Amino acid sequence: MTRDDRFFGLLVEFADPTRLEHACEKVRDAGFEHWDAHTPFPVHGMDAAMGIKGTRLPWIVLVGGLTGMAAALLMIWWMNAVDYPYIISGKPLFGWPAAVPVTFELTVLFSAFATFFGMWGLNGMPRLSHPLFSNERFKRATTDRFFIVVEKTDPQFEIAKTRAFLESLGGLAVEEIHDRAED
Amino acid sequence: MNRASATTGMDAPPAYDPSRPTPLVLGDETFTSITDKVCGIVEQPRPPKAWYAAITITGATTLLLFAMLFHLITTGVGVWGVNSTVGWGWAIVNFVFWVGIGHAGTLISAILFLLRQRWRTSINRFAEAMTIFAVVCAGIFPAVHVGRVWLVHWLFPLPNYQAMWPQFRSPLLWDVFAVGTYATVSLLFWYTGMVPDLATLRDRATSKVRKMAYGIFAIGWRGSHRHWHRYEKAYLLLAGLATPLVLSVHSVVSFDFAVSVIPGWHTTIFPPYFVAGAVFSGFAMVGTCLVPARQWFGLKPFITMHHLDNMNKIILATGSMVGYAYAMEFFIAWYGGNPNESFAFVNRAFGPYAWAYWIMVTCNVISPQLFWFKKIRHSLPAMWIIYIFVNIGMWFERFVITVTSLSRDFLPSSWQYYQPTMIDILTFLGSFGLFFTLVLLFVRFLPMVAMAEVKTVMPTEDAISGAGHPAGDYHGDIPYDPRED
Chain W
1 MTRDDRFFGL LVEFADPTRL EHACEKVRDA GFEHWDAHTP FPVHGMDAAM GIKGTRLPWI
61 VLVGGLTGMA AALLMIWWMN AVDYPYIISG KPLFGWPAAV PVTFELTVLF SAFATFFGMW
121 GLNGMPRLSH PLFSNERFKR ATTDRFFIVV EKTDPQFEIA KTRAFLESLG GLAVEEIHDR
181 AED
Chain C
184 MNRASATTGM DAPPAYDPSR PTPLVLGDET FTSITDKVCG IVEQPRPPKA WYAAITITGA
244 TTLLLFAMLF HLITTGVGVW GVNSTVGWGW AIVNFVFWVG IGHAGTLISA ILFLLRQRWR
304 TSINRFAEAM TIFAVVCAGI FPAVHVGRVW LVHWLFPLPN YQAMWPQFRS PLLWDVFAVG
364 TYATVSLLFW YTGMVPDLAT LRDRATSKVR KMAYGIFAIG WRGSHRHWHR YEKAYLLLAG
424 LATPLVLSVH SVVSFDFAVS VIPGWHTTIF PPYFVAGAVF SGFAMVGTCL VPARQWFGLK
484 PFITMHHLDN MNKIILATGS MVGYAYAMEF FIAWYGGNPN ESFAFVNRAF GPYAWAYWIM
544 VTCNVISPQL FWFKKIRHSL PAMWIIYIFV NIGMWFERFV ITVTSLSRDF LPSSWQYYQP
604 TMIDILTFLG SFGLFFTLVL LFVRFLPMVA MAEVKTVMPT EDAISGAGHP AGDYHGDIPY
664 DPRED
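Chains as they are written, first to last, in this note's numbering: chain W, 1 to 183; chain C, 184 to 668.
Hints listed in this document are in silico derivations from the structure and should not be mistaken for laboratory results.
Please note that the accuracy of each hint is not assured.
What the hints assert, rightly or not - From chain C, some residues computed to sit far from chain W (all C-beta separations above 12 Å): (1) C222; (2) K232; (3) R352; (4) S353; (5) A361; (6) A401; (7) S407; (8) W517.
Stated by the list, open to error - Output of the computed footprint for chain C on chain W, the stretches with three or more beta carbons under 8 Å from beta carbons of chain C: (9) 101–107; (10) 153–165.
What the hints assert, rightly or not - Under the rule of at most 25 Å between Cα atoms (straight-line distance), these lysine-lysine pairs were calculated in the DSS-like manner: (11) K91/W with K53/W; (12) K416/C with K53/W; (13) K483/C with K558/C; (14) K26/W with K152/W; (15) K139/W with K496/C; (16) K394/C with K139/W; (17) K139/W with K558/C; (18) K483/C with K496/C.
Fair warning: this is a prediction, and the values are worked out from it, not measured in the lab.
Backbone N, C-alpha and C define an ideal beta-carbon position, used for all residues, glycine too.
For reference, chain C alone in the conformation it holds in the complex (with noise of 0.2 Å):
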């Protein structure tokens, strides 16, 4: 490969020219070394100590979050730190966080996809993973939100005792549609997506558990091309109805909060906002497993410093539109002389809770323009610090947008100055837990990078004619700087 010498520009840096693309997979790859490279990971028959380490930790916080749910559950919601003002504590910030994370996954599935956008290969099956864990953790707290979680089924339209149904005009009943579809369909598109690459690993297999394990979720695929071109249309298919349906689910969830009259809630401008933050937050998540798990799974020549970088402008951009939120927010507030709207946002920044908004505003505006600095965009260290900045300030702005709203409603006499208890704080934690067991177990038994898509964006091994190029676009020598990794 020629790298490193093709510029033109005359005050362009010398290793990096935008108007030319970045190989997607460095190094002399074939399709036989993708193969055992990713197949190699959850083949070894011991995972590494680190392993070990790592999951009896996420195992134990895992456990942790069952303990303080038994909890709750055997003694009631006065376990949490929520009162009568304030009744929307950590459990709906919680879920909002979650959801929101999952954001992420989808929008490098199916929106990346529909824009053609083909570095998105090599992390989208981890993405998407993590998509599906953190709905798993966000389902939790609605779930016990509800005080008698017994009677959890009533939010779903099921025939009960009482001949009642649920009231379809409420936005809490539009979020359970909404986050029930997006769990499914994502499910849905993940295993799809992975069928091919759990064929690769059947036919790998050596021991008969392994043979029938993947050979059972392999659901017999052979590579037929009469099936990949089905299987191309579903995929498309697929990816069309996921986008529209991923920008909805945080609609729907910010409707929670808009459809209502509360002060600092009642906003058009909450769906645009909610979906930013989400795949903002989302893609902070990603990279914050992504940058280990690159460095510890040797998967350097796929999950490159390119897709590391688009990853950092898309939080950069993300990260200016939830910015840009929060300042039309304050403008509307006062540009619409409501006054309950002006006092709940003065009180957002000034209140009890200023400690909390410019954690946010330092978190989610501030930190994430650091990534306008090409340097910083291609450090490992500083964007895994951004990550976990972001990962915290979006945090806060669900709490902030909970809290600071209900704590001062429209009753004077009613105010309250809402406090988490232990209960909340470790039944959070524990929600951390699961979602890291579930990754760990993800990379341990399924393949990580999407073998078969991967391979659809490597120039071909013989270069014989343009026409037979799989992926059909692909251009070689390509600037690249290798000491940037």
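Just chain W, with the same shape it has in the complex (with noise of 0.2 Å):
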């Protein structure tokens, strides 16, 4: 592997979200697409600083729901009524009623199930390593400091002058991000 195949993109770094948001407008403005911020807890506002669109999580989390309520309605009437019917009290061999707790119950886990999976799922994750662990300075991406971090991928990027970009962006420090992978 050569020294530019581990070049990941180029780093900017704030000391304060406010001016994080500012810069982030900027990069929006010039019509970047691969990029990120980064930062110790969620900015409020950064959602329309990046022109970040919603995410389709509620609707995974939808049909996580309805399969557990399905799931629950179909093995309670299954084993109940139909695989093994056993006669108590004289009542219905199923009856929705005395369902509906397990139903419940089973839909909320299928639900947190979507979400917890779903979540993680979409952002890529888990994984172990990625090329921004190798830079010093990001290691206080989650503590104190406020990245935006612009990609090699991304159609506009020229290393010269997005790098003269970034420095205009008024940030503490622009540094190449180099993936520590071993040759």
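Hints are included, so try docking the two chains, each in its own frame, into the full complex.
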């Protein structure tokens, strides 16, 4: 692997969320696509500043919940009224009121699984390594510093031009990110 | 910060004005100092000596639990005090007690989140952890209560050689699903909330072991805003799912009683009454652990008197609901005109278990009423003593409900007085050992305060414009009386 293959993109560091937000607006307006902001906590107003649209996560959760509900009702009906019918106190073999608690619980359970795995899946996690982890500055992204990263895969990316643009954003520093992967 | 100056009310105490928000983070904390303080606790090379002393005691008590369970399983449920009349003894009482304690964590993490109660951010991690540990303790009791523990998988709808399925019209089976779902969803919620903080610990880690351990559990989190966007949506969805869930769990637990025909159990007030009681006992247990923890671990800037005051108010509110429910049960027993029902309640208050009933009333109805006084809501020793009273009272509530009704059933010739054996008592004691061992391990290895969340309720370091403010609606110069702490 050559050094160039390991080049990931450019990083610019900010000391506070306000400056980051204004800088993000500029990156957005410059038309970049493969870029991201990294913050220690969710900074509100960033969705608009970065031009992020909604996520399809709620639809995944809805499907999960409906699956749970259907699975519970089918399970209860099939087990108690079809496969092993057993009359108790002369009650109907399947009565929906008695099925409500378990159906509710499984609806919630499946929805929660859909939320949990759907969110991490859409975020591309779990992953144990990432080129950004090789940068020393970036270690503070989970504590008190704010970053914008523009990846080299962006159609507009030209190392010198993009670097000059990022330097104009008024950050603390601009650095190149290289993956630490061994040659 | 402009302290203790801005009140305008004529008779209001000078340092407190409820119409104005109180700061959620005190002192001159910055993003950096929050991380340093919270991570510092788990990054110390060695925990304080008191931690070792504490875990020795709780570890030994946990071993006691395992020894008692071993004795029970190898000998049989005859080692307990249950008899043919009172088939539900301490095991069920302890189960309901522990499940109830878990409810505060979910209330704080989910319901207060949906209600936008920002003060929850400092205490939600701790309370959620306690939820999970309490549910672990709770789960032990019904599992061993089945008697033949090696057949405990019959609780679940698993294919088996007898080609039998569980009976889905039974509240006991509903309970399996309710508690199972609750434990799972609480764990997912807790872990989801913790991932960004685990990433902080990973990025600060100096030793290889810590880097690996926190690195694996942080699953590659790097604070990407595109990730935060979905993360916040997921957190909101989980909160929305956990809210009806937590209300359902203790409702379903109460169905174990209410769906039966036993006088004293067969009442429609049980679901809301159990849920209020669960929140009540849960907050008391959170307070029991939180008051010493903030003292020992230097968490006073994040867990302020304001937080404790709010918790005490919730205890006052839910305690009053529980008191109302006790009164209403008696009213309905009289108004309903069912002689069995009236007998059950007179027997509760004046029968052989009257001592337990009046301990319950003293602890649950009278002691929280002291929280009407601000002095008591703000006094650490006073509130801690009340928490202990509430813990005791809520255990007795479950004891009174479970045992008094069973011991006096429809056939007077089978009436019996139930007494626990030493095995019952030591098993229950042992469950506290397990609970506090888990709490101690948690405070040693995991971030006790949700750092990323607390940072969102802080004032920004540079107040250039309101738009850049992370929290959005924070107001500065708030009256704060440092003498209170």
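Hint check results:
1. C222: Non-interface label on C222/C violated, nearest chain W Cβ at 8 Å vs cutoff 12 Å.
2. K232: Given a closest Cβ separation of 29 Å, the condition holds.
3. R352: 4 Å, violated
4. S353: For S353/C, whose nearest Cβ neighbour in chain W is about 9 Å away, the distance does not exceed 12 Å, so it is violated.
5. A361: 5 Å, violated
6. A401: 9 Å, violated
7. S407: 5 Å, violated
8. W517: Holds: least Cβ distance 29 Å, greater than 12 Å.
9. 101–107: holds (count 5)
10. 153–165: violated (count 0)
11. K91/W with K53/W: 52 Å, violated
12. K416/C with K53/W: 12 Å, holds
13. K483/C with K558/C: Holds. K483/C to K558/C sits at ~19 Å (cutoff 25 Å).
14. K26/W with K152/W: Holds, because 18 Å separates the two Cα atoms, which is no more than 25 Å.
15. K139/W with K496/C: Outside the cut-off at roughly 41 Å; violated.
16. K394/C with K139/W: 12 Å, holds
17. K139/W with K558/C: 45 Å, violated
18. K483/C with K496/C: With Cα atoms ~19 Å apart, K483/C and K496/C stay inside 25 Å; holds.
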